[in-house]
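2 protein chains.
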Amino acid sequence: MSACTPYELRNMDGKSFGNQPLSICDETFTPLEVHYDLEAAKSLFTRKSIEAGPANIWRYRALLPIPEGFEPDLPVGFTPLVRAKNLGKRIGANNLYVKNDAVCFPTLSFKDRVVSVALANAQAFGFTTVGCSSTGNLANSVAAQAARLGIKACILVPADLEPAKILNTLVYGAQLVRIDGNYDHVNRLCSLIADQYNWGFVNVNLRPYYAEGSKTVGYEIAEQLGWRLPDNVVVPMAGGSLIRKIRKAFKELVYLGLVEDKPVRFFGAQATGCSPISHAVKNNLDHIEPQRPNTIARSLAIGNPADGPQAAKMIRESGGWAEDVSDVEIVSGMQELAETEGIFTETAGGVTTAVTARLYAHGRIHPDDLTVSCITGNGLKTTDALAGKYEAQRAVRPRLSDFEEYLREMNYAAEAKPELVLAGGK
Amino acid sequence: MSACTPYELRNMDGKSFGNQPLSICDETFTPLEVHYDLEAAKSLFTRKSIEAGPANIWRYRALLPIPEGFEPDLPVGFTPLVRAKNLGKRIGANNLYVKNDAVCFPTLSFKDRVVSVALANAQAFGFTTVGCSSTGNLANSVAAQAARLGIKACILVPADLEPAKILNTLVYGAQLVRIDGNYDHVNRLCSLIADQYNWGFVNVNLRPYYAEGSKTVGYEIAEQLGWRLPDNVVVPMAGGSLIRKIRKAFKELVYLGLVEDKPVRFFGAQATGCSPISHAVKNNLDHIEPQRPNTIARSLAIGNPADGPQAAKMIRESGGWAEDVSDVEIVSGMQELAETEGIFTETAGGVTTAVTARLYAHGRIHPDDLTVSCITGNGLKTTDALAGKYEAQRAVRPRLSDFEEYLREMNYAAEAKPELVLAGGK
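Line by line, the protein sequences give chains A and B.
If you're matching positions, the first sequence starts at 30 in this note's numbering and goes up one per residue.
If you're matching positions, the second sequence starts at 30 in this note's numbering and goes up one per residue.
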């Protein structure tokens, strides 16, 4: 297993804060970011060293903030990047790929990546309880991975979360606290708790380390494309961190010479019912106007996104764009991706798919561009979004004549066996 | 991509049937099996050629019945094999692994393996409609993969299937037919339909090819253990095919010199509410006494399993055993695996986990044996099995004082920050 590049937390002015569970610079009140010694990385983070690694995110460990002596326990990530020819045909995209974190190990969302990096650090800092504020997927992943590591988990979520996401947190034995409010209320409360208790909150005091895990989506995309960058990436936005970290990954790959430099446009996807970042992009704002979320895409329902301003800025600078779609379009997006590519995604993936379609329809993406659409979670987590979309059909008696009558009822054209037709013609 | 080994269908007496959509010898009425030219495989199926392949089942294509010219489309399989220390501690197992097909791409069960092999053959035989009889996971996988390939799918299931498995079939646009009966009724009807229509039924007329896909579970286990065989494998049994094919995979690996020969004991897991194979093993029967299924483990609810007699025979011959557990134990097994290893499995995985625990408790497996427990599907597919297990807790107002009151209510011990304690002591 290759060594890690030296890293430390720094504020915007480059001041070092060493390594500690801290996310905000106490002087400038700006977020801290993990800074690597990229010169040292040149010999550690190479195509060869990566390709010799395991088929999971730890193949990129040389550029992850992993404490010394950490032994990766779980094969997280390295999810499929699949060519989406059928979806492409429907929406006018000739060179479209889907990055499919709906099958990420262990809990079927991209949050598994960030959580595994955060918990590695939580353990190094000696925390025996970890926590998070979550719109669902993070809750699932923290609960599962903490169980595996034998750490206590206390997880705070908005009270109206989808039943499958609630169950998929409780089943691991985590302490779940339902908060009477939206994510932004939950998140503010978690900051207060993190000040009070000796807990490692993956997306509060451990946030700089946590967020770095998202870079692996970018590394994987580039490697799975045969060590090259795409023309465009379409990314769902909740807090705005993922899209920024994918760019960070691409930049590191370019700097270290693993891919050729080229312009990559970043496109952000939100639900209209919670679209503070896409609003900022569309209106060229340098700040975020907080919103009160009202959408079925609950995993994206962050009305005051922490990384919103930076995400909006980088999208515009890249020459990209942001779009938001209605709840009806979100459901259609989920169905379209399932029907064309056999990938069942949650509401957030419906957002990404519907936004991708609109970007092509509006000419914001050229049909021949190499575009990657990021699917971040599994459809079985938000089945309630499809309630009423599929009528329960009547049960059929187990006899051939009943079955055939049913096919006629359904207008289902069934081709008879050629041999039987010939035999009948004798 | 390496070439495939020549293969053909043969009956029990070794008579060739070439390659065609046929599962039963019309003379002896026994199942046909795919037979490979293992001498030719010696140069094609090597550790080196496999390790040079992609991180999915197609790395084993040289010993899969894949038609000439077939280009793998989907990165199915190569799921994690994880060391289960925590679960092991609870059940007295010192060297336990879990093979986790709950995160198999694309539809979160081991059926993705068999379906991808079956559909490769369906396309080669020119079928434009495929079908299956299913207890749920197969339905999900056929629907998803057929959508991706642009083939029509008509899928028959027992009418009482879990809602998530119904939705996870319909969402891909498949024609789903709910049959008023249990799986055995559905399966008999499918045989009649397969005689009548020009359809490729993955588990009827394409069954010999389909079933070979299960071998990849065995290949992966051996490779992921560092090219060696385990002492024991615990496998859930529905039709009885998976356990047989894992053994076939191990035998091929031994024959071709990829692993050292050693005795492997096979253990079968069933729900007591549908336990025809474990009944046969326990009572040393050479036939199966069909049962009428009544269990929450619906994906295993096959009362008259096609490969039952052979499965029972090979289990006994291997020195293994079969066990069956109650619905209450199944739910406990699901919870135990989630709480210890962070893996959320469906009811079938609860069966496997509970049976594994019992095998250790009864001394059928030695604590130090290297044992692999096969988890074949995801917990989000059978959430109804856990209904009522987790009470909805009251929502808490988003204030620190309310949160702290709630923790006291829950008797949740929370460690204060050391710094704060010191500050207070000044």
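These aren't lab readings, by the way, just hints derived from the structure by calculation.
Check each hint, because a few of them may be wrong.
If chains are identical, the list can't say which one is meant, so a pair holds when it fits in one copy or spans any two.
[What the hints assert, rightly or not] EDC-like mimics (lysine to aspartate or glutamate), calculated; alpha carbons at most 20 Å apart, straight line:
no. : residue 1 : residue 2
1   : LYS291    : ASP224
2   : LYS291    : GLU434
3   : LYS181    : GLU433
4   : LYS181    : GLU444
5   : LYS418    : ASP260
6   : LYS418    : ASP398
7   : LYS418    : ASP356
8   : LYS280    : GLU37
9   : LYS118    : ASP102
10  : LYS114    : ASP209
11  : LYS71     : GLU346
In this text, all values refer to a predicted model and were calculated from it rather than measured experimentally.
Practice task
Please write out, lowest number first, the hints stated earlier that are contradicted by the structure.
Solution key: 1, 2, 5, 6, 10 and 11
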